[in-house]
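Colleague: So the protein lines, in turn, are chains A and B.
Residue numbering for the first sequence follows the working numbering, beginning at 2 and increasing consecutively.
Residue numbering for the second sequence follows the working numbering, beginning at 62 and increasing consecutively.
No lab work stands behind these hints, which were simulated from the structure alone.
One or more of the hints may lead you astray.
Unchecked claim - Here are the simulated distance ranges between beta carbons: (1) B/LEU198 / A/ASP100: 57 to 65 Å; (2) B/SER175 / A/GLU90: 55 to 63 Å; (3) B/VAL178 / A/VAL360: 29 to 37 Å; (4) A/PRO61 / B/ARG79: 52 to 60 Å; (5) B/GLY300 / A/PHE10: 52 to 60 Å; (6) B/SER177 / A/LEU265: 35 to 43 Å; (7) B/GLN321 / A/PHE297: 51 to 59 Å; (8) B/GLU290 / A/THR29: 49 to 57 Å; (9) B/LYS179 / A/ILE227: 24 to 32 Å; (10) B/ASP82 / A/PRO61: 57 to 65 Å; (11) A/LEU25 / B/GLY75: 24 to 32 Å.
What the hints assert, rightly or not - Which residues of chain A face chain B? A few of them, derived with a C-beta cut under 8 Å, are: (12) ILE216; (13) THR217; (14) THR218.
Where is the CB? At the ideal position from N, CA and C, for every residue including glycine.
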Amino acid sequence: MKGMAISAFSQSLQRIGAIVFKELRQLTRDRPTFGMIVMVPLIQLLLFGFAINTNVRDLPVGVVDLSHTQTARALLSDLTATQVVSFTETYQTPKQAEDAIRRGHVHAALVIPEDFGQRLQDQRPIAQWLIDGSDTMVGNALLALQQMPFASGFEAQPIARKNTFEIALFFNPERRSAVNIVPGLVAIVLTMTMVMFTSAALVRERERGNLELLITTPVRSSEIMIGKIVPYIFVGLIQVTIILGLGHVIFDVPINGRLDQLVLGVFAFISASLTLGLLVSTIAKTQLQAMQLTVFLLIPSILLSGFMFPYEGMPDAAQWIAEALPATHFIRMVRAIVLRGATLEDLQPDLWWLIGFTVFGVIAAASRFKKRLD
Amino acid sequence: MTDPVTEWAIESIGMTRRFGDFVAVDKLDLHIPHKTIYGFLGPNGCGKSTSMRLITGLLTPSAGSIRVLGMEIPAQAELLRRRLGYMTQKFSLYDDLTVQENLRFMAQIYNLESRSVKQLIDSQLSRYQLNERNTRLAGALSGGQRQRLALAAATLHKPELLILDEPTSAVDPENRRDFWEKLFDLCDDGTTILVSTHYMDEAERCHGLAIMEGGVKRADGSPAQLMRELGAKVVEIDGENLRLLKQQLSELPEVVSTAQQGTHLRVLITEAIKDPENWLRTIHPALVANRQIHSVRPSLEDVFVHCTGSNAAGEGARQ
Numbered sequence: 002m003k004g005m006a007i008s009a010f011s012q013s014l015q016r017i018g019a020i021v022f023k024e025l026r027q028l029t030r031d032r033p034t035f036g037m038i039v040m041v042p043l044i045q046l047l048l049f050g051f052a053i054n055t056n057v058r059d060l061p062v063g064v065v066d067l068s069h070t071q072t073a074r075a076l077l078s079d080l081t082a083t084q085v086v087s088f089t090e091t092y093q094t095p096k097q098a099e100d101a102i103r104r105g106h107v108h109a110a111l112v113i114p115e116d117f118g119q120r121l122q123d124q125r126p127i128a129q130w131l132i133d134g135s136d137t138m139v140g141n142a143l144l145a146l147q148q149m150p151f152a153s154g155f156e157a158q159p160i161a162r163k164n165t166f167e168i169a170l171f172f173n174p175e176r177r178s179a180v181n182i183v184p185g186l187v188a189i190v191l192t193m194t195m196v197m198f199t200s201a202a203l204v205r206e207r208e209r210g211n212l213e214l215l216i217t218t219p220v221r222s223s224e225i226m227i228g229k230i231v232p233y234i235f236v237g238l239i240q241v242t243i244i245l246g247l248g249h250v251i252f253d254v255p256i257n258g259r260l261d262q263l264v265l266g267v268f269a270f271i272s273a274s275l276t277l278g279l280l281v282s283t284i285a286k287t288q289l290q291a292m293q294l295t296v297f298l299l300i301p302s303i304l305l306s307g308f309m310f311p312y313e314g315m316p317d318a319a320q321w322i323a324e325a326l327p328a329t330h331f332i333r334m335v336r337a338i339v340l341r342g343a344t345l346e347d348l349q350p351d352l353w354w355l356i357g358f359t360v361f362g363v364i365a366a367a368s369r370f371k372k373r374l375d
Numbered sequence: 062m063t064d065p066v067t068e069w070a071i072e073s074i075g076m077t078r079r080f081g082d083f084v085a086v087d088k089l090d091l092h093i094p095h096k097t098i099y100g101f102l103g104p105n106g107c108g109k110s111t112s113m114r115l116i117t118g119l120l121t122p123s124a125g126s127i128r129v130l131g132m133e134i135p136a137q138a139e140l141l142r143r144r145l146g147y148m149t150q151k152f153s154l155y156d157d158l159t160v161q162e163n164l165r166f167m168a169q170i171y172n173l174e175s176r177s178v179k180q181l182i183d184s185q186l187s188r189y190q191l192n193e194r195n196t197r198l199a200g201a202l203s204g205g206q207r208q209r210l211a212l213a214a215a216t217l218h219k220p221e222l223l224i225l226d227e228p229t230s231a232v233d234p235e236n237r238r239d240f241w242e243k244l245f246d247l248c249d250d251g252t253t254i255l256v257s258t259h260y261m262d263e264a265e266r267c268h269g270l271a272i273m274e275g276g277v278k279r280a281d282g283s284p285a286q287l288m289r290e291l292g293a294k295v296v297e298i299d300g301e302n303l304r305l306l307k308q309q310l311s312e313l314p315e316v317v318s319t320a321q322q323g324t325h326l327r328v329l330i331t332e333a334i335k336d337p338e339n340w341l342r343t344i345h346p347a348l349v350a351n352r353q354i355h356s357v358r359p360s361l362e363d364v365f366v367h368c369t370g371s372n373a374a375g376e377g378a379r380q
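Here chain B stands alone, though its shape is the one from the complex (with noise of 0.2 Å):
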């Protein structure tokens, strides 16, 4: 199925688009293997959907190479059509036409075979758990119902390439969990997956992910690796009166960021203080006087953190 000679599902360099003025995506390099799954994460505008509709052929790059399936991209873009499977943000499908028709249409439009199209469909519903349903109109499922029915029509025709924007963002978290287990399933199968989301949890569960700012990756790597890799330390710190504690820390110049999770006050200070609990004892008593101090292992939340904002200012690109 996939091409033995190109190590890479989609490799792109220099990867750069702009709307008049505006940069959506600035110089990304992607190097994503096959096989695996892969996330952007990012902010809402960071350039995910921009990515995606360039990697898919949608938008033509201003400048920078792009190569999909070992094809060159916009200039193969037709032929990648028949491999690849693309969920869009919205729901694309036909509201007014029913869970079964809807699956018809996308099989012909792939030109599937007609005299395998009818076991293909009924093992698609099964499999998507769409089989009480198939006689509903679109437009009248649920949201983690759509979502699968979007996820079945992408697959019907088995691509090799799955890219999927922002999948679950109107579906309730048991729905998102049930959705990664057919992005799972689907993986196993030998299917190359490109995500976005912009949620924590999702991101971790990708084999490699990329955090996007502003059109520019700011940290690519396994979520493992990024968390491992985190250029600070992290600390919480409980008591009383944490906004204004808040506060007096955030004007510190060691410290990156702070955020308060319910009763203590997570806290990431750079990598040049060596030991943070001690640093905030000796060098700033007063802040954390009958206060607990507990340095954590370090989140995604927290890569994300450190590497997008104004902390990531003057960083660039990390590796």
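With the rest of the complex left out, here is chain A (with noise of 0.2 Å):
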């Protein structure tokens, strides 16, 4: 009985043994997967290790100089000390600063009134800060500065000021952060679905055969391409609709963009996931490796995209990674048409980025794929 038993149990092991071997032999055959087990752990390691700072440093502030005194210069150069923030622009009127936000262009503004130095006297707040809230981080990190304490080294008495500078915080007052997430949200849902779609659907029919039977027709590489891209824009649209729909109505998140501006802007990011995708394709021989590459791409659109961390915050070489992905160029676009009610003439070089991409990237594709076996 218990020799029986033994026996049984150490065939069941050989069984077991065998379909690990298989498994294992098979593995190291697909080349593609194998490199997959090494690279994905590897490049993400480095990437997000080194990448991923939720300190935010050197933010792009720009500075509303009203008093134009040598005390005003001394408060700039204490507050680029702090590291916290960088002064890139300059600019005339609050006016100015405040479209300047609204365009992305800077995150915030420091307007220095003309009456400064009376102001330095009196111990009231010296000066305001225009803030971009839409991004929480970004505002909690300057609104970390108010309290910032600043002498001009003249004054009769201690200081005793209790906040150095107001602030108006634009946007998104509350501070919520579903504020953000939501619009950016868009970004990485189409990220995941366009790219896997499209780039599932050319891998599957090379799988079950239908492509060598389509490149024997007058069909062309390129209106494959496009036949395959279309029905996806439709699915795309849809799950906006649906994010930012829902966002609306059970996040109050708020859309003060012009529809038709987001729409467009949605459209050329879906035009450019899609083409993605295919590209993709192209490359995949299996559905599994179609699906690799997806997740291989999709990572660093949802950690390098500004999405979870600000894109200030990252170091160049992960801002270039970034700047590669479409997903951060949408991201700042459906930001700021959503929150800011930015238009796209305001975000032309983020437009043509993704137009440029989807344009280059179809052409890519369309050579890549052969209509031959060769």
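Now that you have both chains on their own, put them together as the hints suggest.
Modeller: Shown next, in the form of structure tokens:
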């Protein structure tokens, strides 16, 4: 009895072993998958270990100096010394500064009033920060500056002022993170579904053998590519409607921009994402590989695009990678349109980047996809 | 329809395709006349599929020239597409579309005139007995039905040339016979058909035939001609212990091949022996004592066995 149980057990082990070794052997022969096993943790670790930085540094901000005094310049250099902000722009009027914030050129602007010297004496707040509050992490970093001590060196009595700055938080005065997350989520969800759908769509035809028939017909590569993209544009528009509609109803996310601008921006991003998916599908040989490549693109789109962490907090190299991802450009656009009421005219660099990516991507995919089997 | 100045529907000279060090098709010369059914017969991996892909322009030849319907391939492959119907070895229509949807899709891909498409599809459905299945998903069809659907789709645009890569490998004998009837109908209508197979009975139905092995054409001609010109004599020997006899005969240099067929042994003996029965009786009496020996007509299988495998060594491409 006992001997039988043992031999049944060892037979079972042998069968498990057979499957284990078969699986390992297949894995080592599937080069791309094997590469993924090594490359995914390696690259992701290096990328995110260095890039993810929740401490915001050197935020680009602007200044409106109406006082034109030496002391005001001392204030600016004190602020620069905190390394939180970096004064990159100068504006003539507060109105210009507000416009720049809406367009997304700067996250905030410091307005130094004409009566700056008097305020310093009176122990009132000496200047005002105009802050884009939509990104709460950026907002918090600037809010921390509110009580930064400042003295001109000429004061008669010790400084007892409560706040150094007055703060005007635009777009998200209650500092709710949902306001920032929901529009960003549009970019993430679209990246995920659009890239996955298109990358799988072409590979599936290849795997099922449909492609071998299709390429013996008069249909052109570019026609296959475009035909594969178009249906998913509608899928993407449905998803955006769900996210922003529910975001508005449930999380009270404002939609400050014009709807036509939003739809056009979304359209540009969907096209770019679908193109990215097509490129993946010309590289991947199986649906599994297409899925892996999609995840490989999705993770930086989540972590580096500004969706989770402020773009400005990342080192240069990470910012370059982020710039290569369509999601980064779209997150900038969608937040600007939805939260700050910006128009596409304000967002031309990002818009053109997405359009350019789509055009070159489709050309690249169509030329990579030969109507040949060799 | 067909270009009168081009004598051959398909003509290749020295067509060669290498994959790395492996030579899949080696200096293949083909001359396939219009309006005939021409077969590639050979074991798996002999270069049948590769040759077909070279002819359709799906693969670029490493060397040699190919002309199909008067067009240079692969340079003019795109032009050929509209005049070519191609059926892949694996069912390659969409499993998740219905019979009718698949046909309509192909009609649109070929830009067939939309007014006549409905009528055209209906006539294909009845021609290929798919009338009652037209709303079924292609994935739910039987092997024979799928094959008929694939043929209906491949002939929708009335191609002058039809290329079929092992079209009946997943089909039962009755459906296979049926399928061939359809091919003869198409041929009668003026279509040139190139078909690959590893079934002897199918090969025997072709007007012309190339027997291929290892990327090389071992024989070329009509089945009747190939059987007539077989360079060997065939005898059938019966009796007991055929396995042992097979082994003993195989060792004789004059014996080309032996194969057991039920209760008798089919033996190919080289042409040098004028009278095989007499030769066996006089030179190897011990082997054939108490056995009946009949000289029989060669079959296509004999031809195939004779010009492939180790038997073909040194003979090269016979013509």
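Colleague: Next step is simple, just say for each hint if it's right about the structure.
Modeller: Do the hints match the structure? See the list:
1. B/LEU198 / A/ASP100: 57 to 65 Å: 58 Å, holds
2. B/SER175 / A/GLU90: 55 to 63 Å: With Cβ atoms ~59 Å apart, the hint holds.
3. B/VAL178 / A/VAL360: 29 to 37 Å: 34 Å, holds
4. A/PRO61 / B/ARG79: 52 to 60 Å: 59 Å, holds
5. B/GLY300 / A/PHE10: 52 to 60 Å: 53 Å, holds
6. B/SER177 / A/LEU265: 35 to 43 Å: 41 Å, holds
7. B/GLN321 / A/PHE297: 51 to 59 Å: 58 Å, holds
8. B/GLU290 / A/THR29: 49 to 57 Å: 51 Å, holds
9. B/LYS179 / A/ILE227: 24 to 32 Å: Holds, at about 26 Å.
10. B/ASP82 / A/PRO61: 57 to 65 Å: 59 Å, holds
11. A/LEU25 / B/GLY75: 24 to 32 Å: Given range 24 to 32 Å: violated, Cβ gap about 45 Å.
12. ILE216: 7 Å, holds
13. THR217: 4 Å, holds
14. THR218: Interface hint status for A/THR218: holds (5 Å vs cutoff 8 Å).
In the structure shown, a violation is registered for the earlier hint numbered 11 alone.
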